[in-house]
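Going line by line, the protein sequences match chains A and B.
Its first residue numbered 9, the first sequence is counted upward by one per residue in our numbering.
Its first residue numbered 133, the second sequence is counted upward by one per residue in our numbering.
Do not rely on the hints blindly, as some may be mistaken.
[Claimed, not checked] Below, a list of computed lysine-lysine pairs in the DSBU-like style, where the Cα atoms sit at most 35 angstroms apart:
#1 A:Lys185 x B:Lys316
#2 B:Lys376 x B:Lys327
#3 B:Lys376 x B:Lys324
#4 B:Lys316 x A:Lys183
#5 B:Lys316 x B:Lys327
#6 B:Lys196 x B:Lys327
The hints are simulated quantities; they were obtained by calculation from the structure and are not laboratory data.
Source: prediction; values computed, not measured.
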Amino acid sequence: MTNERTDQELIAALQRQEVQALEELYDRFGGLAYSLAFKVLGDGSLAEDVVQEVFFNLWRQAQSFDGSRGSVRAWLLASSRHRSIDFLRRRQAKAERDVELSASEFRLNTDDLWSQVANHLDHGLLRQALAQLPESQRQALELAYFGGLTQAEIADATDVPLGTVKGRLRLALEKMKDLLESQGIRTAG
Amino acid sequence: MECAQVAELTAAYALAALPEGERREVEAHVAACPECRARLAQEQALVAVLPLAVEQRAPPARLKTRLLQAARADLATRERQPDTPAHARRRGGPRSFFATPLPYAAAAVLLLFAVGGLAAWGAQLRSLNRQADAELARLRSSTRILAAQGTEAAPGASGQVLQLGEQQRALLLVRGLPTLPPDKTYQVWLLKDGKPVGAGLFQVEAGREAAAVVTGDLSRYDLLAVTVEPAGGLPLPSGAIVLKAGL
Ligand SMILES: [Zn+2]
Chain A
9 MTNERTDQEL IAALQRQEVQ ALEELYDRFG GLAYSLAFKV LGDGSLAEDV
59 VQEVFFNLWR QAQSFDGSRG SVRAWLLASS RHRSIDFLRR RQAKAERDVE
109 LSASEFRLNT DDLWSQVANH LDHGLLRQAL AQLPESQRQA LELAYFGGLT
159 QAEIADATDV PLGTVKGRLR LALEKMKDLL ESQGIRTAG
Chain B
133 MECAQVAELT AAYALAALPE GERREVEAHV AACPECRARL AQEQALVAVL
183 PLAVEQRAPP ARLKTRLLQA ARADLATRER QPDTPAHARR RGGPRSFFAT
233 PLPYAAAAVL LLFAVGGLAA WGAQLRSLNR QADAELARLR SSTRILAAQG
283 TEAAPGASGQ VLQLGEQQRA LLLVRGLPTL PPDKTYQVWL LKDGKPVGAG
333 LFQVEAGREA AAVVTGDLSR YDLLAVTVEP AGGLPLPSGA IVLKAGL
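Using the sequences and the accompanying hints, generate a full structural model.
Now the structure itself:
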């Protein structure tokens, strides 16, 4: 048995240019990153390119990765989503959006909620929660998160007023919170 | 913006579905409003778990092979051209010019006047200038000055990089960069072959020149760049380069 190193220890090892550490980080988060990219792009080979790019950037830039400013998991997933949406919009010849990586996306301490949800076997809990959202809310949420659309674009795509989209996004997260809490998950920080 | 309006927007903000203008308004509001900030934090935590809702797929084995091959090839290249060892690099923490210990700051200030043509860089620096005569001559003889130019993102900006002797620090003087909202910062990066290392943060007061201490041995890098990042800086740059200097 090998001792599992923490994410922080793996980053430190990456900074010592240890390829093994990259492999361990990939084993830990590569599947999540790939699945997320695949969901956004709907295409395996593009998803591979995104994941390769994201992990290789981490390898190249590990020296400047400052773990005190955020978790590597959150950074890898946020980057995978952002790069995927970049790809998607370029392929769809949409105006490229200034999808900024916001520090709060991965500086936030979301570990508690993450580990509670992740501990539920096979991630089924969250999928079930989303499946219980009213269709219009789930659709708005997915178009925003996985489709990379702005609220105005969602309004266009679904042919409803902008104000309705705002309400749907807000209600979708609220409902998701209630559904998780009804399963005994604590969502308050 | 009122809390009621912001409450309509934080979910879209957490999902990165807001256009630039509203995004900034939300950021400005939550910076000052603990209640809206708490709600946003909770919504962001919910958004952060959404990757767990995705059907999990095993990536093809060739992806891992390709990634590790690329890393090993990169490592071999680096070993042929030794780079700065990790321990020699400082992480760029929050650090402003005026927060630096006085002897160094005073020497740097004296230097500004000594190298000529730089008196215009700000009367606020002048009050410090009586304190470090002894260091002056030594510094003057070993200082390099490099020009920095604003990019397309900040065409009115310019600046100078002062490398002070053998020190692991340099001084960046900047003018013409806009003041940022409180939740943003300018972050300095040193780049070698396109790889950035954080080298400090600074702010610009309205209409003022700014000075920032750059941590790192400039001779080991080929480019200095400044980006706009969220307050506190990021582990890796995300914003566009607004100012740069070839080293
Ligand atoms: Zn408020």
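Do the hints match the structure? See the list:
1. Between Lys185 of chain A and Lys316 of chain B the CA atoms are separated by roughly 30 angstroms; this keeps the pair inside 35 angstroms, and the hint holds.
2. Note on Lys376 of chain B and Lys327 of chain B: the hinted pairing holds, with a Cα-Cα distance of about 14 angstroms set against a maximum of 35 angstroms.
3. Of the pairs offered as hints, the one joining Lys376 of chain B and Lys324 of chain B holds, with about 13 angstroms between alpha carbons and a cut-off of 35 angstroms not exceeded.
4. Distance check on the hinted pair: Lys316 of chain B and Lys183 of chain A sit about 32 angstroms apart at the alpha-carbon level, within 35 angstroms; holds.
5. A distance of roughly 22 angstroms separates the Cα atoms of Lys316 of chain B and Lys327 of chain B; the hinted pair therefore holds under the 35 angstroms criterion.
6. A threshold of 35 angstroms between alpha carbons decides the hint, and for Lys196 of chain B with Lys327 of chain B the separation of about 22 angstroms falls inside it, so the pair holds.
The structure agrees with every numbered hint stated previously.
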